[in-house]
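*Asks:* Residue numbering for the sequence shown is 0 to 369, as defined by numbering that gives the first Met the number 0.
Only pairs whose alpha carbons sit at most 30 Å apart, straight line, appear in this in silico DSBU-like list of lysine-lysine: (1) K178 with K134; (2) K251 with K215; (3) K263 with K253.
Hints in this document: simulated from the structure, not taken from any laboratory.
Keep in mind that this is a model prediction, so the values were computed, not measured.
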Amino acid sequence: MRSTSHPLRPGIAILVTALAGALAVPPVFAQQSPPAVTRPLERGTEPMKKGRVGEGEASEEQADDLDASGGVQLYQRMGVTLPPAPPEKPYDGPIDEAYGAYQRGLYVTALAKALPRAEEGDPAAQTLVAEMVTKGLGIKRDPKAAAFWYGQAAEQGDPAAMFQYALLLMSGRHVERDKAKADEFMRKAAEAGNASAQFNWAQILVSDNPGEKGLKLALPFYEKAAAQGLADAQYAVAQLYVYVSGLPEEKKSKARLWLERAAKAGFDTAQLDMGVWLVNGTGGERDYEEGFQWMRIAALRGNVVAQNKLAHLYINALGTRPDPVQAAKWYVLSRRAGLKDPELEDFYLGISEELQKKAIEAANLFQRSR
Numbered sequence: 000m001r002s003t004s005h006p007l008r009p010g011i012a013i014l015v016t017a018l019a020g021a022l023a024v025p026p027v028f029a030q031q032s033p034p035a036v037t038r039p040l041e042r043g044t045e046p047m048k049k050g051r052v053g054e055g056e057a058s059e060e061q062a063d064d065l066d067a068s069g070g071v072q073l074y075q076r077m078g079v080t081l082p083p084a085p086p087e088k089p090y091d092g093p094i095d096e097a098y099g100a101y102q103r104g105l106y107v108t109a110l111a112k113a114l115p116r117a118e119e120g121d122p123a124a125q126t127l128v129a130e131m132v133t134k135g136l137g138i139k140r141d142p143k144a145a146a147f148w149y150g151q152a153a154e155q156g157d158p159a160a161m162f163q164y165a166l167l168l169m170s171g172r173h174v175e176r177d178k179a180k181a182d183e184f185m186r187k188a189a190e191a192g193n194a195s196a197q198f199n200w201a202q203i204l205v206s207d208n209p210g211e212k213g214l215k216l217a218l219p220f221y222e223k224a225a226a227q228g229l230a231d232a233q234y235a236v237a238q239l240y241v242y243v244s245g246l247p248e249e250k251k252s253k254a255r256l257w258l259e260r261a262a263k264a265g266f267d268t269a270q271l272d273m274g275v276w277l278v279n280g281t282g283g284e285r286d287y288e289e290g291f292q293w294m295r296i297a298a299l300r301g302n303v304v305a306q307n308k309l310a311h312l313y314i315n316a317l318g319t320r321p322d323p324v325q326a327a328k329w330y331v332l333s334r335r336a337g338l339k340d341p342e343l344e345d346f347y348l349g350i351s352e353e354l355q356k357k358a359i360e361a362a363n364l365f366q367r368s369r
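Produce the entire structure from the sequences given, and follow the hints as far as they go.
*Replies:* If you want it as structure tokens, here you go:
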């Protein structure tokens, strides 16, 4: 039976947050810790270079202080929509009437067909029953019953069930918490090809093996999940291809391609980093105009760091014409969200009251439109 689960983000306790000394860091990032594959508690706010609007085009060196996001805590995406799953391979096996009814929204029929098979030990049917009981489809929602059926199917090796049951064991929801058993099921599900399990098993490897060792152990699983279309994994692969030492040049040369795939899937942190990489020349040639466009996309989606960096791009005329009102607008928005930046504050106080008023009006209009 095809999996009915959706990619989830379990709260894995602590992931890599500081790998200084473990990774080879390009000069552009010399003042910040190398990025982990998790969203930092605080993003860097260092601006690019000092400069006033109207001072003319900036040199390439003026971009060299622009910081990337430093990674993303991938299970705390705060509203970012996952990309659609990649198309399934043509299925020529036996028709599953229960799953077919489930896909058509005939939940009572699906449950009636799946439950007898589940009781007889069919792992695919057990997983389907667990999904329906979890969501309350065709039957009253019952998390404890769902945990039971996930456990039954997981013991028989159903990949989707192993992934879901591992999450339950990890959190201790409706089952006794058991990290060792959770890790075992997550690993087995990953090895069986479940994309979400591959990503999360990679996260576990990073967490349990600090430094470059964990990153190298995790990389094959990130790569497998990325190949299946998981934007989180694509972002992680891009970061590791740049920052892990000793990788073949063939992989390093594809870092920006993976980041672009995650960005095009709507992942705002990948969009932010695409802007940074293009401006800084990370993973390829500099392209200020394209970098500006990606930064603007992330800023329009509400990414606070992108809003901050976009203000710097307007000030330094990188990829766009200098525009004091737009620069001040994006600074006001990022400041309201709690991101302080002394240099932008200095810029803001240096423009006229009339321009400040226009910037505030533009910021208010942007917030009302969201």
